[in-house]
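Engineer: Residue-level listing of the chains:
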Amino acid sequence: MRTRIKELRARYDMTQEDLARKVGVRRETILFIEKGKYNPSLKLAHDISRALQTTIEEIFIFDD
Amino acid sequence: MKEKMSIVAGAGIAILLLVIVALYLFGPGSIETYDVLLIIIPLILVVGAITFLWDRLKNIRAGLPSADERAKKLHWKAGAYAYIATIWIAIGTMWYNIIFAENLGYPELNAGQVVAVIVLLSGLVWFALQFYFMKQGDI
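So the sequence lines, in the order shown, correspond to chains G and C.
Number 29 in numbering that gives the first Met the number 0 belongs to position 30 of the first sequence; there are no gaps in the numbering.
Number 96 in numbering that gives the first Met the number 0 belongs to position 97 of the second sequence; there are no gaps in the numbering.
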């Protein structure tokens, strides 16, 4: 799984800590999601997509 | 509030453990080689606890939660693995008494020592696993 979180964060000039604060998780969790090392719950994926003003499909990309 | 209470409780337990170790170290009794292990392991546990508490405090000060879904999941997983490790440690102490103490002449572990070994080693395994899992993204 790849994510576009880093790219979208940059668009809104948001740091990992800013995003973590918005969605209520630790900064390391955002870091690991960005690296594709942690699969977030559907609720967290939804919260992240709302914080970045986009959809879940736009953020999380699954390579078939 | 709940997070702050857990930090205060954790710090209290760590201080209490340090005081007990200090009393044991500077008490009137003599210390044998085996006792040194029973001092070193709690000290490692205290250092581990302080590291975790520090990490939690750092997050709270930054306005972030001290535990989120990933942290909770990994803590529970570390606990489950540590539980299995505890069973094997208990079996290990039994084997030690049968193989090493009875047949090879090593000192036998009494009930108190077995309990101490199980509690301290399982705590150590739990801390080590938590630390390792938190460094990994997911497991």
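None of these hints come from the bench; they were simulated from the model.
Just so you know, not all the hints are guaranteed correct.
[Stated by the list, open to error] Straight-line C-alpha distance at most 27 Å; calculated DSSO-like pairs for lysine-lysine: (1) 21(G) x 72(C); (2) 134(C) x 5(G); (3) 134(C) x 21(G); (4) 57(C) x 42(G); (5) 71(C) x 36(G); (6) 21(G) x 57(C); (7) 72(C) x 36(G); (8) 21(G) x 71(C); (9) 5(G) x 71(C); (10) 57(C) x 5(G); (11) 42(G) x 71(C); (12) 36(G) x 76(C); (13) 57(C) x 34(G); (14) 134(C) x 34(G); (15) 76(C) x 42(G); (16) 72(C) x 34(G); (17) 34(G) x 76(C).
Engineer: Now, for every hint given, state plainly whether the structure supports it.
Structural biologist: Taking the hints in turn, this is what the structure says about them:
Simply put, residue 21(G) and residue 72(C) have alpha-carbon atoms about 21 Å apart, close enough for the 27 Å limit, and the pair holds. Taking the CA atoms of residue 134(C) and residue 5(G), the gap is about 20 Å. The hint holds against a cut of 27 Å. Taking the CA atoms of residue 134(C) and residue 21(G), the gap is near 23 Å; set against the 27 Å cutoff, the hint holds. Between the alpha carbons of residue 57(C) and residue 42(G) the distance comes to roughly 25 Å, so the proposed pair stays at or under 27 Å and holds.
Pair hint residue 71(C) plus residue 36(G) holds up; C-alpha atoms about 16 Å apart against a cutoff of 27 Å. For the given pair, residue 21(G) sits about 17 Å from residue 57(C) by alpha-carbon distance, which is consistent with the 27 Å threshold. Proposed proximity of residue 72(C) and residue 36(G) is supported: the alpha carbons are some 14 Å apart, at most 27 Å. Proximity of residue 21(G) to residue 71(C) is assessed by CA-CA distance (about 19 Å); at most 27 Å being required, the pair is judged to hold.
Pair hint residue 5(G) plus residue 71(C) holds up; C-alpha atoms about 24 Å apart against a cutoff of 27 Å. Restraint check for residue 57(C) and residue 5(G): satisfied, since their Cα atoms lie roughly 23 Å apart, inside the 27 Å limit. Straight-line distance between C-alpha atoms of residue 42(G) and residue 71(C) comes to about 15 Å, which keeps the hinted pair within the 27 Å bound. With a CA separation close to 17 Å, the supplied pair residue 36(G) and residue 76(C) stays within the 27 Å bound.
Under the criterion of a C-alpha separation no larger than 27 Å, the hint pairing residue 57(C) with residue 34(G) is consistent with the structure, at around 23 Å. The straight-line distance between the Cα atoms of residue 134(C) and residue 34(G) is roughly 13 Å, inside the 27 Å bound, and the hint therefore holds. Restraint check for residue 76(C) and residue 42(G): satisfied, since their Cα atoms lie roughly 21 Å apart, inside the 27 Å limit. Pair hint residue 72(C) plus residue 34(G) holds up; C-alpha atoms about 19 Å apart against a cutoff of 27 Å.
Distance check on the hinted pair: residue 34(G) and residue 76(C) sit about 22 Å apart at the alpha-carbon level, within 27 Å; holds.
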